[in-house]
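Chemist: Sequence:
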Amino acid sequence: MLFLVALLLLTFPSTFAECPTGTFQGMIPDLCYLTSYTRMTWLHAEYYCNQQGGHLASVQDPYTNKYIAQQLGGYPSVWLGGTTMYVD
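Quick note, the sequence shown lines up with residues -17 to -1, 1 to 71 if you use mature numbering (1 follows the signal peptide of the UniProt record, and there is no 0).
Treat the hints as calculated values from the structure; they're not laboratory data.
Beta carbons are placed, not taken as given, at the ideal position from N, Cα and C, and that holds for glycine.
Heads up, some of the hints might be wrong.
To be verified - Below are the SDA-like pairs computed for lysine to any residue, each with C-alpha atoms no more than 20 Å apart in a straight line:
hint, residue 1, residue 2
1, Lys49, Leu26
2, Lys49, Tyr16
3, Lys49, Phe7
4, Lys49, Thr24
5, Lys49, His27
6, Lys49, Val61
7, Lys49, Ile11
8, Lys49, Gln35
9, Lys49, Ser60
10, Lys49, Leu14
11, Lys49, Gln34
12, Lys49, Met10
13, Lys49, Arg22
14, Lys49, Met23
15, Lys49, Thr6
16, Lys49, Gln8
Claimed, not checked - For each label pair, taking beta carbons as the anchor points, the in silico distance ranges come out as:
hint, residue 1, residue 2, range
17, Asp13, Ser60, 23 to 29 Å
18, Leu55, His27, 15 to 21 Å
19, Glu1, Thr24, 18 to 24 Å
20, Tyr58, Met10, 25 to 31 Å
21, Val42, Tyr20, 17 to 23 Å
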């Protein structure tokens, strides 16, 4: 079973003017990212995010990818959301 010292990226909609403490603002104003430095599998990481009211972050474009990488300060291992939607 693969375990990764994961920096979880939880995305959840923000109903606040600012993101809550312990999160950072996304490129979209009502999107916040929560980080967790906990060792867990991808499935457990997604479950954790669900319990917090969100999902693992999904990167849709290179601009968002670069922004998140800058916010993380080069942390080497992260779990992100994903799909097998396009697999034959």
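Chemist: Against each hint, give a clear statement of whether it holds in the structure.
Modeler: Quick rundown of the hints versus the structure:
With a C-alpha separation of about 25 Å, the suggested pair Lys49 and Leu26 falls outside the 20 Å cut-off, and the hint is violated. For the given pair, Lys49 sits about 14 Å from Tyr16 by alpha-carbon distance, which is consistent with the 20 Å threshold. Only pairs whose Cα atoms come within 20 Å are accepted, and Lys49 paired with Phe7 is accepted, the gap being roughly 14 Å. Of the supplied pair hints, the one linking Lys49 and Thr24 is violated, its CA atoms being roughly 24 Å apart against a limit of 20 Å.
For the proposed pair Lys49 and His27, the alpha carbon gap of about 25 Å is over 20 Å, so the pair is violated. Of the pairs offered as hints, the one joining Lys49 and Val61 holds, with about 14 Å between alpha carbons and a cut-off of 20 Å not exceeded. A distance of roughly 14 Å separates the Cα atoms of Lys49 and Ile11; the hinted pair therefore holds under the 20 Å criterion. With a CA separation close to 25 Å, the supplied pair Lys49 and Gln35 exceeds the 20 Å bound.
A threshold of 20 Å between alpha carbons decides the hint, and for Lys49 with Ser60 the separation of about 15 Å falls inside it, so the pair holds. At most 20 Å may separate the alpha-carbon atoms for a hinted pair to count; Lys49 and Leu14 meet this at roughly 16 Å. A hinted pair counts as satisfied when its Cα atoms are at most 20 Å apart, and Lys49 with Gln34 does not qualify at roughly 27 Å. For the hint linking Lys49 to Met10, the alpha-carbon distance of about 11 Å falls within 20 Å, and the restraint holds.
For a cut-off of 20 Å, the pair hint linking Lys49 to Arg22 is broken: about 24 Å separates their Cα positions. Distance hint between Lys49 and Met23 is unfulfilled; the C-alpha atoms sit about 24 Å from each other, more than 20 Å. Taking the CA atoms of Lys49 and Thr6, the gap is about 17 Å. The hint holds against a cut of 20 Å. Distance check on the hinted pair: Lys49 and Gln8 sit about 14 Å apart at the alpha-carbon level, within 20 Å; holds.
As the Cβ distance of Asp13 to Ser60 is approximately 28 Å, the hint placing it in 23 to 29 Å holds. Between Leu55 and His27 the beta carbons are some 20 Å apart, a value that agrees with the proposed interval 15 to 21 Å. About 32 Å separates the C-beta atoms of Glu1 and Thr24, a value inconsistent with the hinted range of 18 to 24 Å. The supplied range of 25 to 31 Å is broken by Tyr58 and Met10, whose beta-carbon atoms lie about 19 Å from each other.
At about 19 Å, the beta-carbon gap between Val42 and Tyr20 stays in the expected band of 17 to 23 Å.
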